[in-house]
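Peer 1: Residue numbers (the working numbering), protein chains in the order written: chain A, 19 to 542; chain B, 401 to 759; chain C, 561 to 876.
Derived from the structure by calculation, the hints contain no laboratory data.
Backbone N, C-alpha and C fix where the C-beta goes; we use that ideal spot for every residue, glycine too.
Accuracy of the hints is not assured; some may be wrong.
As the list claims (entries may be wrong) - Which residues of chain A face chain C? A partial, calculated answer using Cβ under 10 Å: (1) 123; (2) 126; (3) 136; (4) 137; (5) 140; (6) 143; (7) 146; (8) 147; (9) 148; (10) 302; (11) 304; (12) 411.
Unchecked claim - Think about it this way: if two alpha-carbon atoms lie no more than 25 Å apart in a straight line, the pair counts; the simulated DSS-like pairs of lysine-lysine are: (13) 437/A with 407/B; (14) 127/A with 696/C; (15) 409/B with 437/A; (16) 396/A with 484/B; (17) 116/A with 753/C; (18) 444/B with 437/A.
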Amino acid sequence: MFAQSNACRLFLSIRSMNDSNIPKVEMRRISKSFPGVVANDCIDLKLHKGEVLALLGENGAGKSTLMNILCGLYRPDQGEIYIDGQQVEIHSPRDAQKYGIGMVHQSFKLVDSMNVLENIILGLRNEPFVPDMKLVRKQLMELASQYHLSVDPDACIWQLSVGEQQRVEILKLLYRNAEVLILDEPTAVLTPQEAHELNRVIKTMKQEGKSAIFITHKMEEVIEFSDRVMVLQKGRVVAETPTSETSPKELARMMVGREVLFQIERKPYSPGKAILELSHIEALGDRGLPALKDLSFSLKAGEILGIAGVDGNGQRELAEVVTGLRKSTKGTLKIADKDMTNKSPLEIIREGVAHIPQDRASVGAVGDLSVASNLAMKQYRSKPLAQGIILLPKRIIDFARKLIDKFRIATPSPNTQVKFLSGGNVQKTILAREIGAARSLIIAVYPSRGLDVGATESVRRQLINMRDEGLGVLLFSEDLDELMQVSDRIAVIFEGRIMDIFDAENIDIEHIGMLMAGMKTEVY
Amino acid sequence: MRFVFEKRKATSISALILVPLISFAVSLCLTALLLTIFGADPLKTYSAMAIGAFGSLHGFAETLVKAIPLMMTGLGVAIAFQLKFWNIGAEGQLTLGGVAAAGVALFLEQYLPGPFLLVGALLGGLLAGALWAGIPAILKTSLNVDETLVTLMMNYIAILFSEYLYYGPWRDPKGYGFPGSRMFSSNAWLPRIVGRAHIGILIALFVALVLWFILRRTRWGFELQIIGASQQAARYQGVAVERNIVLAITLSGALCGLAGAFEVTGISHRLQQGLSIGYGYTAIIVAWMSQLNPLVIPFVAVALAALSVGGDQVQMIMGLPAAMGTVMQGLILFPMLAGSLFTEYRLLAVKDNKSNLPG
Amino acid sequence: MDFVTSILTITIRAGTSLTIATIGEIFTERTGILNLGVEGIMLMGALSAFTAVFYSHSIMLGILVAMVIGGLLALIHAFLTTTMRANQVVSGLSITLFGTGFSSFLGQRLGPESNNFRLVGLRAERILPFAPKWAKDIPILSAFLNQDIITYLVYLLIPLAWFFLYKTRPGLWLRSVGEDPYTADAMGIDVTKTRYFYTIIGGMLIALGGAHLSLSYTPGWSENITGGRGWIVIALVIFSMWNPARAVWGSLLFGGINAVQFRLQASGTSIPANFLNMLPYIGTIIVLVAITWWEALSKKVGAPAALGSSYMREEK
Numbered sequence: 019m020f021a022q023s024n025a026c027r028l029f030l031s032i033r034s035m036n037d038s039n040i041p042k043v044e045m046r047r048i049s050k051s052f053p054g055v056v057a058n059d060c061i062d063l064k065l066h067k068g069e070v071l072a073l074l075g076e077n078g079a080g081k082s083t084l085m086n087i088l089c090g091l092y093r094p095d096q097g098e099i100y101i102d103g104q105q106v107e108i109h110s111p112r113d114a115q116k117y118g119i120g121m122v123h124q125s126f127k128l129v130d131s132m133n134v135l136e137n138i139i140l141g142l143r144n145e146p147f148v149p150d151m152k153l154v155r156k157q158l159m160e161l162a163s164q165y166h167l168s169v170d171p172d173a174c175i176w177q178l179s180v181g182e183q184q185r186v187e188i189l190k191l192l193y194r195n196a197e198v199l200i201l202d203e204p205t206a207v208l209t210p211q212e213a214h215e216l217n218r219v220i221k222t223m224k225q226e227g228k229s230a231i232f233i234t235h236k237m238e239e240v241i242e243f244s245d246r247v248m249v250l251q252k253g254r255v256v257a258e259t260p261t262s263e264t265s266p267k268e269l270a271r272m273m274v275g276r277e278v279l280f281q282i283e284r285k286p287y288s289p290g291k292a293i294l295e296l297s298h299i300e301a302l303g304d305r306g307l308p309a310l311k312d313l314s315f316s317l318k319a320g321e322i323l324g325i326a327g328v329d330g331n332g333q334r335e336l337a338e339v340v341t342g343l344r345k346s347t348k349g350t351l352k353i354a355d356k357d358m359t360n361k362s363p364l365e366i367i368r369e370g371v372a373h374i375p376q377d378r379a380s381v382g383a384v385g386d387l388s389v390a391s392n393l394a395m396k397q398y399r400s401k402p403l404a405q406g407i408i409l410l411p412k413r414i415i416d417f418a419r420k421l422i423d424k425f426r427i428a429t430p431s432p433n434t435q436v437k438f439l440s441g442g443n444v445q446k447t448i449l450a451r452e453i454g455a456a457r458s459l460i461i462a463v464y465p466s467r468g469l470d471v472g473a474t475e476s477v478r479r480q481l482i483n484m485r486d487e488g489l490g491v492l493l494f495s496e497d498l499d500e501l502m503q504v505s506d507r508i509a510v511i512f513e514g515r516i517m518d519i520f521d522a523e524n525i526d527i528e529h530i531g532m533l534m535a536g537m538k539t540e541v542y
Numbered sequence: 401m402r403f404v405f406e407k408r409k410a411t412s413i414s415a416l417i418l419v420p421l422i423s424f425a426v427s428l429c430l431t432a433l434l435l436t437i438f439g440a441d442p443l444k445t446y447s448a449m450a451i452g453a454f455g456s457l458h459g460f461a462e463t464l465v466k467a468i469p470l471m472m473t474g475l476g477v478a479i480a481f482q483l484k485f486w487n488i489g490a491e492g493q494l495t496l497g498g499v500a501a502a503g504v505a506l507f508l509e510q511y512l513p514g515p516f517l518l519v520g521a522l523l524g525g526l527l528a529g530a531l532w533a534g535i536p537a538i539l540k541t542s543l544n545v546d547e548t549l550v551t552l553m554m555n556y557i558a559i560l561f562s563e564y565l566y567y568g569p570w571r572d573p574k575g576y577g578f579p580g581s582r583m584f585s586s587n588a589w590l591p592r593i594v595g596r597a598h599i600g601i602l603i604a605l606f607v608a609l610v611l612w613f614i615l616r617r618t619r620w621g622f623e624l625q626i627i628g629a630s631q632q633a634a635r636y637q638g639v640a641v642e643r644n645i646v647l648a649i650t651l652s653g654a655l656c657g658l659a660g661a662f663e664v665t666g667i668s669h670r671l672q673q674g675l676s677i678g679y680g681y682t683a684i685i686v687a688w689m690s691q692l693n694p695l696v697i698p699f700v701a702v703a704l705a706a707l708s709v710g711g712d713q714v715q716m717i718m719g720l721p722a723a724m725g726t727v728m729q730g731l732i733l734f735p736m737l738a739g740s741l742f743t744e745y746r747l748l749a750v751k752d753n754k755s756n757l758p759g
Numbered sequence: 561m562d563f564v565t566s567i568l569t570i571t572i573r574a575g576t577s578l579t580i581a582t583i584g585e586i587f588t589e590r591t592g593i594l595n596l597g598v599e600g601i602m603l604m605g606a607l608s609a610f611t612a613v614f615y616s617h618s619i620m621l622g623i624l625v626a627m628v629i630g631g632l633l634a635l636i637h638a639f640l641t642t643t644m645r646a647n648q649v650v651s652g653l654s655i656t657l658f659g660t661g662f663s664s665f666l667g668q669r670l671g672p673e674s675n676n677f678r679l680v681g682l683r684a685e686r687i688l689p690f691a692p693k694w695a696k697d698i699p700i701l702s703a704f705l706n707q708d709i710i711t712y713l714v715y716l717l718i719p720l721a722w723f724f725l726y727k728t729r730p731g732l733w734l735r736s737v738g739e740d741p742y743t744a745d746a747m748g749i750d751v752t753k754t755r756y757f758y759t760i761i762g763g764m765l766i767a768l769g770g771a772h773l774s775l776s777y778t779p780g781w782s783e784n785i786t787g788g789r790g791w792i793v794i795a796l797v798i799f800s801m802w803n804p805a806r807a808v809w810g811s812l813l814f815g816g817i818n819a820v821q822f823r824l825q826a827s828g829t830s831i832p833a834n835f836l837n838m839l840p841y842i843g844t845i846i847v848l849v850a851i852t853w854w855e856a857l858s859k860k861v862g863a864p865a866a867l868g869s870s871y872m873r874e875e876k
């Protein structure tokens, strides 16, 4: 398993030197579709031994799907995979492991309560009945020093920082003789210091003859880490080039390049007073690390402010702070000029604030309850749905029927449980409820994610209607098309900060692409 | 070829109705098999059970006697389960309720004249049950301690405490051959209607209606439903999750405590051994079988009580073990548990798969 | 024999059935399955062992039959909870309900005609304690060496179970299934098979614990032979923090109190006994609170993180 003799290694490397023009990994004409969306469209990918390839693209470009195919989690509808020139079938992660392919996912596959050693050997079938932990430790520490991955073998995973956990994941793959490592957004959870260390690790791996592919949306990572970069857009390869021969500007253009889309029809832009003001807001994320850093902006009534950014840069935390679900540690929050800093969700709801959350399936809508109940969940506390403490079911059903018609929610009846509705109709239900209750401000987080064309259009239309009626709309989206079509102004969020805010007319799409990827204006 | 469970597009109503019916049928068949092996005539046995439970006024009264505590505790447990709070402590809450009621009846007579003594006893039972459930509720909401195991442990503490009392300081020196406390004065006797069945039945039915009303027709009940379905979603809509959980669970315990108060004031008129014959555990089964619907619980409670009483009858008349009733209950449950999946899923035979679904 | 030694002897005898059953339930819960059917399985184990021995005169057969029965009952629970995704609490309680009723039923029907078909009051071969001659008069030590074969097996079972759980590959896999079934699945471990396997093993051990009651401790059959021990086992699993090595302490504690209680009652003071009896339950609650409260403590001495929740691959 791990203990390849030196002679064996020498033999293999001589052999591979002769075949050095055969790529380590080749994926030919890979296509994969899911209901309603083509994730990969006839993609060709080559990875040479000792090379680091970056896969760049926006959300939904198809990068994760492609890599999931390579590591055995999905099977392609079409196309072949070749390892060292031989065609192979990869039907499961175990197959991938057999061919020396391993992936470090964004959410680590580690058991928190066990220590590093135990996690390293977990699931390995050729470990003896009583594993020789001394030997495992020795082999692990050898690997660790070889690749500059310092780790405490006796530490339990929960005690480790995210960067250290990532190192364990990488060591796991190396222990299993992975030749090709796939890393999914590896620096998303690292501090800059840890990112530098990761770079060193990757360089060492290259020297040892390993190859790597990493998925990213960050320009810095591409420039620093990779030898070659492949840019995907909507399931297709739009560019492929050695990293040294390109520049961040060009990459950004390749990543987001598109025709200019016209804005959806709406009333002329005449914003009112500020309906939402954030001033120097700071907040911590779930792990206790800063998620929002010195964040300030204001949203006016009758305006749609789009927040552009790749998911995971603070959008969820920002939405939670504005709706009262997360405490801010510094700064102030004002709604219609009232100080609502760190008030409860109920108080903020009472100010007429509506929220279309990111997690629609379990948080925005409640699957086990009926459509009518879901629609009533915001306004059940008062007339007309309730009289004192008593709910009036007939009025609730009428209320629901009106909303079902208005928003064209496809449901057999108002009493059908929401879990039986399609994703688009669940979202419509949430929209109907929130829009129905909004009086000042609506916060929409990825509202059209996963919806088909018709539903998406309807969502955007509704948001514009709200804006026309004088409400403020804070729209979080990963889809630049959507932002351009819908927003009056666009702000870019990256690592918890607002990088810049543009007016809709002055949108330079490449500039936005760069900001989303963390490159500041000054850089070039 | 593999078998997979595929999610249905709508709750299967036919499954909801068929599964309990088929389960009952399965139980009848398996028990019939068992009876035949041991040389008893299944049909004769079943009719004896039915007659025993429903055929005479006395039998029916006895069925009610067993059904009332099952109803009350079933309702209590149902509230808790609605919130996905696994209250297994109904037995202990019931016991402590009985203890408190007995305490009031035995020692507060001079402060509570006439009918107030009974009322006081019932209230005492309510409060004791509420307290006993409130503790695990607070442990859960503030410290996230697992309620299943805590409520289970508290059962034993309650039972041991009650034993201590009626073997010890509250022991009636005269004994009546059965260890326990003194008899309560008649002021503390819950009036009976027929046989040993007491007005608790009316209270229980009333509670069932009220509970249904609360859950389906009030704002608070709606909030409880949301909390039970998704605590996060409830938070997003401004519902005070922790506070409501504690309130609801306290109510749950109060109902179980009241059940205990009924037992001591209505049936035994003293605190003695055998206060509960596992009502608290059977309550969980009653609640589950009724799909937590307060209007269905009385019927299921009566059905299970009938099996139990029928079993007793069968013992007297045919010499068959009374435990038969319990066996039948168990045999109904297994297919019901297996079948509960079919309301949401259907079974498909699938050829070896092509592409996987997106994760 | 002096007083302490005799108390210790009884305590160990009383604790044997508890320890075996606790270890069995630890294995089950370590995969994330809560089996509340312990009481029912213990009763059925006691009954089937006694019946088999009475008719066949073979202790071995009795033990074997008990373990098969226990395995079958546990199989039902595994099937219902894992494959049919039923509620674990209700399923376990149903097993207890069924086991209690069925054992009572059979106890009144499986006996010989001469005893009215009842099993109560019958005598059958017992498992007798034996001791090496040289140890008979050594204080304390003789308590450990004056036990029956099953107890001696328990002496072996405890370290073996501990070793298996913490030092072997299958033990590692077992623990990962209970801690994080999604990761275990991602690492290629068959979560379903693991849960089935150890739930059945758990059932077999629990039934063996019941067999010890009817073949050695009591001996004989009566309807309340377990005296609620099944529920004590569930407490003991928590008390020992899911560690087989600790199972023995709790069992000795409970068993000892049980044993001592007789002496106390004989002297007419049953009052302290009841409060003594409460202590283990209160202790268990304290352990639970402590475990949950001290997060660090909890991750080190895990309640298996996935205990009680049903795991479904498709849903993730």
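Peer 1: Could you run down the list of hints and mark each one as holding or not?
Peer 2: Hint by hint, here is what the structure shows:
For residue 123/A, the interface hint holds, the least distance from its beta-carbon to any beta-carbon of chain C being 9 Å, beneath 10 Å. A distance limit of 10 Å between C-beta atoms decides the matter here; for residue 126/A the minimum to chain C is near 8 Å, and the interface restraint holds. A least Cβ separation of about 6 Å between residue 136/A and chain C falls short of the 10 Å threshold, and the interface hint therefore holds. Checking residue 137/A against chain C by beta carbon gives a least distance of about 9 Å; that is within 10 Å, so the hint holds.
Below 10 Å, beta-carbon pairs count as interface contacts, and residue 140/A has one with chain C at about 5 Å; its hint therefore holds. For residue 143/A, the interface hint holds, the least distance from its beta-carbon to any beta-carbon of chain C being 8 Å, beneath 10 Å. Below 10 Å, beta-carbon pairs count as interface contacts, and residue 146/A has one with chain C at about 7 Å; its hint therefore holds. The beta carbon of residue 147/A comes within 6 Å of a beta carbon in chain C, closer than 10 Å, and the hint placing it at the interface holds.
For residue 148/A, the shortest C-beta to C-beta distance to chain C is roughly 5 Å, which falls under 10 Å, so the interface hint holds. Annotation: interface hint on residue 302/A violated; nearest CB of chain C at approximately 17 Å, more than 10 Å. Annotation: interface hint on residue 304/A violated; nearest CB of chain C at approximately 15 Å, more than 10 Å. For residue 411/A, the shortest C-beta to C-beta distance to chain C is roughly 29 Å, which exceeds 10 Å, and the interface hint is violated.
Of the supplied pair hints, the one linking residue 437/A and residue 407/B holds, its CA atoms being roughly 10 Å apart against a limit of 25 Å. The straight-line distance between the Cα atoms of residue 127/A and residue 696/C is roughly 56 Å, outside the 25 Å bound, and the hint therefore fails. Distance restraint check for residue 409/B and residue 437/A: the Cα-Cα separation of roughly 8 Å lies within the 25 Å cut-off, and the hinted pair is therefore satisfied. Distance check on the hinted pair: residue 396/A and residue 484/B sit about 22 Å apart at the alpha-carbon level, within 25 Å; holds.
With a C-alpha separation of about 23 Å, the suggested pairing of residue 116/A with residue 753/C holds against the 25 Å cut-off. For the given pair, residue 444/B sits about 47 Å from residue 437/A by alpha-carbon distance, which is inconsistent with the 25 Å threshold.
In summary, the numbered hints that this structure violates are 10, 11, 12, 14, 18.
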